[in-house]
Amino acid sequence: MAIPTGHALATALVTGLLLGGLFTVTALGLSLIFGVLRLINLVHGELIVLGAYLSYILLTHASIDPLLGLLVIVPVMFLIGLPLQRILLTPLMGKGAEAPLLTTFGLSIIAQNLFILGFSGDTQALHASYANASLSVAGIDVPQIYAISFGFALVLTAATHLFLKRTAVGCEIRASAEDAGAAEMLGVNVSRVYSLTYGLGAAFAAIGGVLVGLAFSFTPTTGPGYLLTGFAVVVLGGLGSLWGTLLAGLLLGVVESVGAAFWGDGYRDFIGLAAFLIILAIRPRGLFGRAE
Amino acid sequence: MRKSHAIVASVFLLALALVAGGWTSARSETKEIEIGASIPLSGPLAGFGSFVKWGYQAAVKDANAKGGIMVGGTKMKVKLTLLDDKTDPNTVASNTDRLITKDKVSALLGSCTPSLVNAGAVVADRARIPLVTGCDPLEAFKSVKKWEYAWDIFFWEPDLASAPFKTLKAWGAATNKKVAIMHDNGPDGMVVGGKLWPAFAKQYGYTVVYKASFPVQATQFGSMIQNAKAKGAEIVLVDAVTPQAVAFVKQMFAANFHPKVLVIEKGAEPVQFAQALGKQADGIIVGGYWDASFPFPGAAQLRTRYEKETGQTYSQHIADSYAAAQVLLDAIAKAGSLDAAKINDAISKTNKTYVVGPVKFDANHTSRLPIVELQWQGGETKIVWPRKQATGKLLLKIG
Amino acid sequence: MHEVFAATPARLRAARLVSAAGLVALAIALATMPAFASDYTLLVCFKIFKYAALAQAWNLLAGYGGLVSLGSAAFIGIGAYTTAKLTIATGVPLIPAMALGGVTAAIFAALVSPALFRLRGLYFVIATLALASAAQIWMVNWNGLGGASGLYLTVSAPTTRGVYYMSLVIMAAATVLVAGVLRTRLGISLRAVRDNEDAAQEMGLWPFRTKLWAFGLSAAVMGVVGGLQAARLSVIEPYGSFSLQWTIDIVNIAIIGGLGTVSGPLVGAVFVVWLGERLADYPELHVAITGALLILVIRFAPYGLWGSLLRLKGETIWSRLRRRS
Amino acid sequence: MSAYPEPTGPLLETAGLSKHYGGVRAVDELDLEIRTGETLGVIGPNGAGKSTLIGLLSGAIRPSAGVIRFEGEDVTGLPSHRRARLGIGRTHQIPQPFGRMSVLDNLMLGRLYSAGSGYREARRESLGILERTGLAPFAGTLAGELTLLRLKRLELARALALRPRLLLLDEIGAGLVESELAELIDLIKGLRSEVDSILVVEHVIDLIRECSDRVVVLDWGKMLIDGEPEEVLADAKVTAVYLGTGTTQALAPARAAEAASEPAKPLLAARGVTAAYGSFRALHDVSLHVYPGEIVTLLGANGAGKTTTARVLSGMLAPTGGEIVFKGRRIDGLRPHSIVRLGVAHCMEGRRIFSDLTAEENLTLAGRTARSAAERDARLTAVYDLFPVLKKRRGSPGANLSGGQQQMLALGRALMAGPELVIFDEISLGLAPVVVDSLYEALAELNAHGVAMLVIEQNVERGLALADRAYVLEKGVVALSGRPDEIRGDPRLRALYVGEAKGES
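Protein chains in written order, with the numbering used here: chain A, 44 to 335; chain B, 10 to 408; chain C, 17 to 341; chain D, 375 to 879.
Take the hints with a grain of salt, since some may be wrong.
[Said to hold, decoys possible] Sample of chain A residues with no beta-carbon within 10 Å of chain C, all distances over it, derived:
(1) Ile100
(2) Leu101
(3) Leu102
(4) Ser106
(5) Leu205
(6) Leu207
(7) Thr210
(8) Ala223
(9) Ser238
[What the hints assert, rightly or not] Below, a list of computed lysine-lysine pairs in the BS3-like style, where the Cα atoms sit at most 27 Å apart:
(10) Lys765(D) with Lys208(A)
(11) Lys358(B) with Lys369(B)
(12) Lys208(A) with Lys766(D)
Just so you know, these hints were derived from the structure itself, not from any lab.
Note that the coordinates shown come from a computational prediction; the quantities given were computed from them, not determined experimentally.
The beta carbon of each residue, even a glycine, is placed where N, CA and C say it ideally should be.
Chain A extracted, bound-state conformation (with noise of 0.2 Å):
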C-alpha cells in the first residue's frame, strides 16, 4: 500500500466521481427493474453489450455519432425490451422470485453466444473525439467522457424522477411497483405498466452500454462484469430508490478510484465488492432502502 500524494488524491477523488455517473448509468435501468417488477434482470449486461454493438454498426456503416445515435438506438432497444418482457416473463410473474431469474440468466447465456456469431469475439470501442480527449480542471486532467457520463447520470436520473412523479404513467408504475393487486384494482393495466418498464430498463442499459463504448471498449463477454457492478449499485441504493441509485453510483465510483489510490488499480474491484458486502452487511436493505 502507497500514500498517494495530495494531487493522485484529487485527482482520485474528482475521477472517481465522475465515474461514478457512468456507473449510475449503466445500473439505473436495473434499479428500475428491479424496483417495479421485483426481478434480478441477468441480462442487463448483455443488454448494455448490445446497445453498445448496435451504436457500432451505425458509427461503422452509417459513421453516426454515437451520442447522436441514442436518438435511434434508445427507442429500438426500448422495443427490443418490450415483448422480451411480455413473452418470456409475463407468464413467469407471480411464480416466485426464481422462475423469472433464472429465464433471464438463460437469456443472458444464449445473447453471448449469439454476439459472438454476430460479431466475432474481437474487442470494439466506439471512437469519436471526445471518446479519449481529456478535460483539465484546476490542473486535474480527467477524461472527457467520465464528464459526459457523470452528466447523462444527473440527468437521467432527474428525468426518471420527474417522469415518475409528473406524469400519469410514471404514476401507474409507482402504484404498480407498490401494489400491483389494488393498481390493477383502480383501472391500471398492470402487465402493460410491466412491459413498460422493462423496455425503459433496457433503453437506459443501451445508454450505458454506448458510453462503456466510447469509454473503455467491449467483447461479446463484456457484460456480467457490469452487471456486478449494477447489482452492487443497486443493492446499496436501496431497492428502487432512484436517487439512492445514483448516490450508490458516485459512491461506488469515489471509493474504487480513492481506494486504488492506495492499493493499486488491481485491488479496485475488489475494494468496490468488499466495500459493498460490508455496508450489505450492516444494512441489509443498503443505505437509502427502508424497510419493505
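Dock chains B, C and D against chain A, hints included.
For chains B, C and D alone, coordinates are given in the frame of chain A:
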C-alpha cells in the same frame, strides 16, 4: 423419499447404460487420422480462438488436398475435431479427455494462452498423447513441468522483453530513460512485466520510475496512469490483453499523458486494436513473432489466403497455429504410423523452416520464434526492429 | 412426495423393498463399471458424479433451505487451492488434503454467514454472487498462492479409474448426506425455514443456526469436489478454480433436474452432461442451446424434469389416498 | 366453571405494553395478566389490537414500549424462538403452515426443539397430537394442500407440539359449523390439564363463554372491560362494540319503503357463483342482485365469504363456476382493470393506499378511466366536496394520512372511477365510531346521486341501517336475504354473531 430413491436408482442406471452404450458405439472405425483440439470459441478469448481455428483447419485442408498422409502404407485423410472450451481451463481439461478417450485422437493441438494450453497439455502429457501448440510463451510453458508429450512453438519471453530496449538502442532514440512498467498479472504478464522488463531496463541503463500490476478483467487504470505521468516517465511499457489495451490507451490520452514511447505487449498486436483506436494507435509499439513480410516460405500467401477466405484482417496467431498443425502432420507422416510414441519421437526430431521460421525443439520441448518489434503507423504495422528487416522508421510520437 | 407414502405402512414396506433392490443394483453396477466401460464412459461418469455432487450440495441449500446462492465457485476454488497447497507444501496425501479442502471451505462459509444471513431473498442472491467474484479477484491479485499463474500439483494425478471411484464416493456421500439430513431435525428445520422463516422461529428453532449448518455442509461438499478437480487438472489458477462457469453449471443442473428432491440433481447431472457431450460437436451453438433449454424447463416444467415427473406421480397417488380416507 | 382448579398467581403479565404503527396505536399501554391455570378470553372488534397482542406476546412483533414478564422473568427482549422454548406457543389467525412439508413434519419441529425429543419419539408424540386434533388421516398430506379449516386445526396442533405452558389461540373458531365448534370447545377444555394457561382471541362468543374463566374486552388497543364471562358478555358496551347498536337508523325506514318498488332489471347479477382458494371452497352457489341505485349490504361472520364475494365480483379472483352479469354483460373472467372501466369499483378491505403517492395522485390514478381530463377533474372536485379534508391534504403522501383520512381516500379512489356500482369492503374497520358515522353519511349522500352499492359490514346495525336489502353469508353460502327489517328480526342473524347472547342485549 425412499420410493423416489428406488425410482431414481433405476432411472440413473438406465441413463448411465444409455450414456455408456450411446458413446462407446460412437467410436469411429473409419480409415482416418483423428486429431483434435480444444480452443476458446466462446468466452473472453473467443477472439484468439477464431484465428487458431482457421490456422489448424487450413493446415489440415492442405494435407488432405494432397490426398492425406501416408500411414502404414495407406494414404489416410486427416480428421480434425475442434471443441469449444468457453475460455475455461476446466473445460479444456475435460474436452481433452473427451478427444483422447472418445474420438480416440492420435495427436492433439493446443488451445491459446498459458492457462488454457497448460490445462490441456497436462492431460495429454499424462495420457501420453502428443500435443503440439503455439500461443503459449515458452517460460510459462516450461514452468509447469518437465514435459514428455507436449511441444510448444512460440516466442521466448526474454526475447520479447528485451526487444523494446534493443529497438531504442538500434535507433539511438533520445529519451529521459525513465521507464514506467504496468502489466496484468496473468502468467505471461507476470514474467514479462514483473521480472524481465525491470531486469533489462537495468541492463540497458534505464531507470524504472514506476511499476504496477492489475488483474486481467480490470477496466480502469486511472491511478496507475496518474502515477506514471507524475513520475515523468517517457517510456511506458504495458502488458495487457486487447480489451484492456484499448481502454488503457484511451484513458492515457484522456488523462493527457503522452509519453515518447508506448509499448503494449499482447494487446496492441491484433488489427482490432488499431481499428478500435483509429489514429491514436499510431506510434504504439508491440512485439511480434510473425508478420506477412517475414522471409519464410508461404508467409505472404498465408495472409492473403486468410483475408480472402474470411474477409477479415489477419493476426499473427494464424501463423503459429498453422505451423503447429503442420509440424504435427509432418511428424505423423515421418512416423508413418499412428503410434503415439513414434509420433512423439518424430516431433522431437522436427528440424525444418515453416511459415513462422525454423522449428527445432530443445530439451524443454520448446522451439523459439524470432521476435520483431512492430509499430502501428497509419493503421498498419511496420517492422522497426531488427533494422535489417525493417519496413519502416521508428516514430517517437504517440497518437 | 415421500410424505404421501408415509401414510400407509404397507406401501412403505413395499417401497423399502423396491428401493433397497434398486439401490443395491445401482451400487453393483456403478462399482463394477470400470471393468467393462470405456475410459471415455468413465470420464463422462466422473463429470456426471462431480456435478451431481455439486448440484446435490446446492440443492440442500437452495432446494430445501430456500437459500439461492450464486457463490458456489468460491467454495470450489477454496477447496481446490487448499488441496493443492497442502499436497505441495506439506506433502499430505491427496485424500486427506481433499477432506481438509472441504473443511476449509466450510470454515470460510461460517465466517461469511453472519453477514450473508442478514440478507433475505434477492439481496442474499446478489451478495453471494459478489462474494464469489471478490474471492476470485483476490486470488488473482494476491501472489501468496501463485497469483494468476496458479499452482502446479506435485502429487501424481489419480488415474481415470481413480477419479471415477473418488467422484463416485463423493457423489454417494453427498447424496447420503442430503438424504440423511432430511431425516434429522436439521432437515425438517431447513424446510420449515424455507417455507416460513418467522413461523419456524415461533416453533422454537433459531433460523441462523439452521442456515449455517446447511451453508457449511454444502460448502464442504463443494470444497471436496474442488480438491478432486485440482488433483485431476494438476494445474490450477484462479480463472479456472473460481470460474463463474461452476456456478452456472450447478444452477443449470439443479434447476433442470428439479429442486427440492434428492433425485433431481442426479437426474439433472446425467441429462445436462449427456446433452453437453452430444452438443460438443456443434461448438458454435451449444451454449445457446443450453440456455434455451433452461428457459423452456423453467417455463413448462417448473419443478424440473424429474421434479415435475415425481409430482405427477405424487398427485395421482395422493388423490387415491385422499379418496380412501 | 367451578370444576376447574382455582387460578393462582400470574404466569405472564404485561406492563404498559404498546405497539404503534405510524400514527396508529394497535396496542396502547396495556397492563394484562394471565394467571396460572386460567383460560383468558380476549374479545373486541376487528382492529382492536387482538392479533397484535398475540404477536407481541409470542415475540413475532417487537413492542414500541412496555415489558412482558413470563413467570416473573422479563422476556421482552427475547426472540420468538427463545420464548417458544420457554413454553409460549401460538396459532395464527391467517394460518402459516410449512406448505411444502407434510402435516406430520409440521409438528415434528416443535417436538424436536422445545421438547428436545429424539426423532422417533417426536414422531410418535406428533402422531398422538394429530390423533387428538383429528388430523391423523392427513399426517402424510402436504400442509399446503389442506383446506382452510384443517389449516386452522394444524395451527393448534403445531402449537401443542411445543407442549407449551402458555397457549395463545388467535381466532381458531372462525367459520366453524356448530358441530365442529363443539368439538373444538371440548378440545380446548381438555387442554387445561396439560397447558398451564390459555389465551383465546375470538369472535365466536360461544367459544369464549364456554372456555374462558375470565374475559377481557379490547377496544382501540386499550382494555375496555375485564371480568367474568357472563357479566362481560351481558354488558351493554360489549354488544354495542359488536352490533354497533345505538348508531343512527334515521334513513332506514325511509329507504325500506321506497325499496318496495324494485325496478325489473338488475344492474349486477351473480348466479350460482362458486369460488375456491386452492382446494378450499370459499363460495358455494352464491346468487345475488343489485338493482340500479340500490344499497345492498352483505353480512356474515369472519370467514363467511364476504370479502371473497367482493373479490370475485371485481375480478380479483376468478370464479370456478356460475356467471356474473353487469348491465347485461358477462364480466366473470375479465381482468379487474377492465371490469372497473365498465363501472364496477371496489373499495378494498384494508384500504390499500399507495403510501408513496400523494393523496391527489392516489385519486387521479383512479381517475384514469375518465374519458376526458375535464370529466376527471369534475370527479376530483366531487370527491373533494365529499371529503374536504382530502383537499386540504391533497399534497401529502398516503402514508402520512390518519386511518380515517386513508379510508376516505380509499372511498374517494373508488368514486374516481365514475362507477355505477361500488363495492365497499369493511370500510369501518378499525375506525372510531365518529369517523365511521361520517363515512356512512358520505355513502348515503353518494347513493342519493344514484350510485348503487354493495356494502360489506361486520357491524350489523350500521349495515342494515343503510341498506335496502341484505344478504347474510354463512360458510360461503347465502343463509339469509331480504329487507333489513326482516333480517333484523330474524333470530338466526344474532346466532351467527353472538351465539345465544341475544337475550341480554
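List in ascending order the numbers of the hints, as given earlier, that are violated by the structure. none
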